[in-house]
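Student: Each chain is listed here by its residues.
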Amino acid sequence: MVDLSKLYDAVLNGDAKTAVAVTKEAIAENVDPMELVNKYMVPAMDEVGRRFECEEYFVPELLLAARAMKGSLELIRPLLVAKGAEPAGRVVIGTVKGDLHDIGKNLVASMLEGGGFEVIDLGSDVAPEKFVQAAQEKNANIVCLSALLTVTMPAMKTTIDALASAGIRDRVKVLVGGAPVTPQYAKEIGADGYGENATVAVQLARQLSAQ
Amino acid sequence: MNSLIQQLIATGPVITDGALGTELQARGLKPGELPDLWNLTRPELVKQVIHAYVEAGSQVVLTATFRSNRITLSQHGLAEKGAELNRRGVEIARCAAKGRAVVFGSMGPSGKLLFSGEVSSEEVSSAFFEQANAMAEAGADGIVVETMSDLEEAKLATEAAARTGLPVVACMVFDSGRNKDRTMMGNTPEEAARELAAAGAVVVGANCGQGITGYIPICRRLRAATDLPVWIKPNAGLPELVDGRTIYRTNPVEFAAHVPAMVEGGANFIGGCCGTNPDFIRAIAAILRTR
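Chains as they are written, first to last, in the working numbering: chain W, 1 to 211; chain C, 212 to 502.
Heads up, a few of these hints could be off.
In silico contact screen, one side only, chain C against chain W (beta carbon under 10 Å); selected entries [stated by the list, open to error]:
id, residue
1, 241
2, 248
3, 332
4, 334
5, 336
6, 395
7, 397
8, 449
9, 456
I should point out that these hints are in silico values taken from the structure, not numbers from a laboratory. Glycine included, C-beta positions come from ideal geometry on N, C-alpha and C.
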């Protein structure tokens, strides 16, 4: 019998090799894939988030854990799809028009993938109409907007306005983040949430998907 | 110690410059537009900003080449312009300084994360060497590796810049963690000072990411961790967007009021980062004169 607590430890310690090996073993033994995700992997990512908040973990540990989670999920996802299980949510993410900074956006994308979301990453310098198009085509329920510069923050509002003009604003929740962005600004431009860091972004995406 | 650095700090704290990016924005640089490109398209305005710093009392001025490494430039489709941008950047700054201030070549981060594998150590090293070398050939007096959030990248940039033979200042952003005393990747000032010195930096420091009060304890910790001179350039507070305009709330007088504490904390080089302007440099100079 495979020791599933090793899967929890592997994700928590960012050990992708072990995470994948244990997952393969579990699948061979016909363990319920939902059980792997919900009982071991998601709780491990929650603990990663807690350690990040407590400053025991920093960005490198987050990325390693997300990578381990992703390796394991790639094996599990086809089984979930075969069972008709949906991802935690579908997220369209990008850095807004005029802004080429993507480190923070990439980090949030990795953590969302690790959190079981299907992530459509549009890259950086993304025009409002591209966000609209991707959200429509992929039937996304969440749109995440990133900006590192105060001078590009107004493009977040332009993007939210474009979602509204396209008639899909009520179908998606909009999350915003980036160094100069504040909760007040998020409120001002009509976003549904502001994430101070990548782990908060995942928590918010989960809450909003559950609504 | 490097002879130029020794000469500069011999007579007390050295005043560096203030922000270039926000000053160029004030002169019409558009959101998303590459400031470095103004070395080619609006050289007179770049020179005007640097000259204003020299007039205000800057003894060290930086070039407008923060983003002119091959990795960042290729995102703008300008990878092949690197040598020219760096050369012009140094020429403009030298012209503005007229021998009244030394010119240090600015090298900012690549914008890619080594840790995620989207760029390799070799690519980062070669991009930074190419940039540093172009500035050395154009007559820069030193190189400043600045605004680094990843110590690994900062070390590669420092090693690459040191190969030119120029003195290298290496600075990180400390803006993470509960006490805002870690880099984005979790490194402490002590780790940064030790590892940057080992990579060949002759001055270590901190810039950007927070206002001046937060950098006083970080300055003290850098001072305690190394025998090398310490370089500090805080922001004029954190940027806020008000009615579509970016504002920084710290004014020159408030900023300068903390400068004596920074000097007591061990800073050898002091200036400002985002949101600061020649008025800040004048205020710093005035405060240091009265000491």
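Student: Now, for every hint given, state plainly whether the structure supports it.
Tutor: Now the hints, each set against the structure:
no.	hint	verdict
1	241	8 Å, holds
2	248	13 Å, violated
3	332	15 Å, violated
4	334	16 Å, violated
5	336	19 Å, violated
6	395	6 Å, holds
7	397	3 Å, holds
8	449	7 Å, holds
9	456	9 Å, holds
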